[in-house]
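J.: Sequence:
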Amino acid sequence: MSLNADESKTYFGEELLRWYRKVRRDLPWRRSRDPYHIWVSEIMLQQTRVDTVIPYFNRFVHRFPSLTELALAPEEDVLKHWEGLGYYSRARNLQSAAREVVSEYGGRVPSDKRQVSGLKGVGPYTTGAILSIAYNQPEPAVDGNVMRVLSRYFCLEDDIARPATRIRMETLAQSLIPEGEAADFNQALMELGALVCTPKSPSCGECPVRTMCLGRLEGRERELPVKTKAKKARDVYRFAALLEGKGENAGKVLVRRRPETGLLAKMWELPHIEVPDAVAWESLAEGKIGLEKALANEGLRIHADERVIGEAQHIFTHLVWKIRVLSATVKDERYIADRTAYEWVSPDNFEDYVWPNVFRKLLTEYFINRNND
DNA sequence: AACGCGGGGGT
DNA sequence: ACCCCAGCGTT
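Note that UniProt numbering numbers the first sequence so that position 143 is 143, with each residue one more than the last.
Hints were generated in silico from the structure; no laboratory data involved. All C-beta atoms in this analysis are idealised placements derived from N, C-alpha and C, irrespective of residue type, glycine included. Hints should not be assumed to be uniformly reliable.
Unchecked claim - Listed below are the simulated BS3-like cross-link pairs for lysine-lysine, each with C-alpha atoms no more than 30 Å apart in a straight line:
| no. | residue 1 | residue 2 |
| --- | --- | --- |
| 1 | Lys-246 | Lys-331 |
| 2 | Lys-22 | Lys-200 |
| 3 | Lys-9 | Lys-227 |
| 4 | Lys-80 | Lys-120 |
| 5 | Lys-246 | Lys-361 |
| 6 | Lys-252 | Lys-322 |
| 7 | Lys-288 | Lys-361 |
| 8 | Lys-200 | Lys-246 |
| 9 | Lys-266 | Lys-80 |
| 10 | Lys-246 | Lys-80 |
| 11 | Lys-246 | Lys-322 |
| 12 | Lys-231 | Lys-293 |
| 13 | Lys-231 | Lys-322 |
| 14 | Lys-266 | Lys-120 |
| 15 | Lys-120 | Lys-229 |
| 16 | Lys-266 | Lys-288 |
| 17 | Lys-229 | Lys-252 |
| 18 | Lys-266 | Lys-252 |
| 19 | Lys-293 | Lys-252 |
Said to hold, decoys possible - Now the in silico label distances, taken between C-beta atoms and shown as ranges:
| no. | residue 1 | residue 2 | range |
| --- | --- | --- | --- |
| 20 | Asn-93 | Lys-232 | 42 to 52 Å |
| 21 | Phe-367 | Arg-234 | 30 to 40 Å |
| 22 | Arg-162 | Leu-319 | 18 to 28 Å |
| 23 | Gly-118 | Thr-261 | 14 to 24 Å |
| 24 | Arg-114 | Asp-305 | 35 to 45 Å |
| 25 | Leu-72 | Thr-329 | 40 to 50 Å |
| 26 | Gly-251 | Thr-52 | 26 to 36 Å |
Generate the whole structure from the sequences, applying the supplied hints.
T.: So, in C-alpha cells, the structure goes:
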C-alpha cells in the first residue's frame, strides 16, 4: 500500500464525517440510542428506501415500544404492521429473534458479534449496522450504497453481485473507520450513497471526497460499480374468483389464507389459479373451468361467470403476476364453515386481515364499485 | 453460486 | 423497460 493510498483513506474518513455532521438527515431512528430501535430500523431498511420506511418505523415502535412487547405480541399483529412493506419473512424473523433475545439474553440486544449475527434475519450487513450504530463498535456495515461508493472512490472493478466482493469491501470499509467514529462513519458512508453518490447520475460536484475519488478522476464514475445483470422476471398468468356471498353472507366475499411458507406466507388472497400461458389467459372459458375444477379439488363447489370484473398486475422481484378476476358464486355455502383456510370478508372486517397489495387493491376496488351500483 | 422473497421510486 | 433500494435464508 503506497503512502498515497493511506492519505486517500485518511482524507476519505475525515471529509466524509465532516460532511455528514453538516447534512445528515433527521431520521426517526437517529433520534434514538435504543439498540432495539436501531435493529428494527435496519431490518425495515433491508432493500427498502428510507422514505418508505419512515412511517412504518414510527407506527411499529409506537405499537411495540420495547423488545419485550414485540416478543409478546401475536404474530398476526406484527405482520399487520408490516403490511405493504414487503419481504414479510423479515417481520417473522424479527419477532422470532426478539423472542430469542428475551429468552437467551435477558431482553437486551446483545453487543457480541457472534450473538448478534446469530439472530434470525440478521446477516453480515445488519450485524455490522447494529454493532456500529448502536454500540459504536468498529465493524463494517456494507450494503449496496457502500459498495457503490467504495467501487467509485477506489475505482474497483470487482463485480458487486459476487459474495467475494462483499467480503473484500468489508475489509476495506473497516480499514476506513476513523478511531472511535464507527457509528457516524458507517451512516455517513450510506448517506453519501443515498444522497450524492447515487446509482444513475452521481452529483460529483457536491461530493465531499471528490478531489481524491479515483473513479471520478479517471472519468469512470458512470461505469462503476460493475454489477452482473439480474435475470428478467417471469410472467405468471392467473385467474381469481370473486365469490359473492348470499343469505347471511350477503355483501361478503370469500377469501383464502396462503400457505405457512413461501411467497406471501400466511397472508390472505382471492382464491385463484395459475394458467399455463398468455393464450390460456385470453380465454375466459379456460379461467371459468380452471377455477371451478381447482376449487372443487379443495372441496368447494362454485360457479364462475365468464365475466371479468377486475384485473391487476403484481410485480415481484423474480416474477410478474397478471391476474384476471372472474365473478363467481358458491353453490353450497354451508360447506365452507369448517374450512379454516377460507373466510368471508366485508368492508367491516377487511382490516382484520393481512393483505398483499394486489389483493388489497382488487378488493377495495370491488367494494367501492359495488357501492356505486 | 443461484434463487426466492415485495413493493416502490427514479431514469 | 430497466435498475436499485441501509439484504437474508435456503439450496
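J.: If you check each hint against the structure, which ones fail?
T.: 8, 12, 17, 20 and 24
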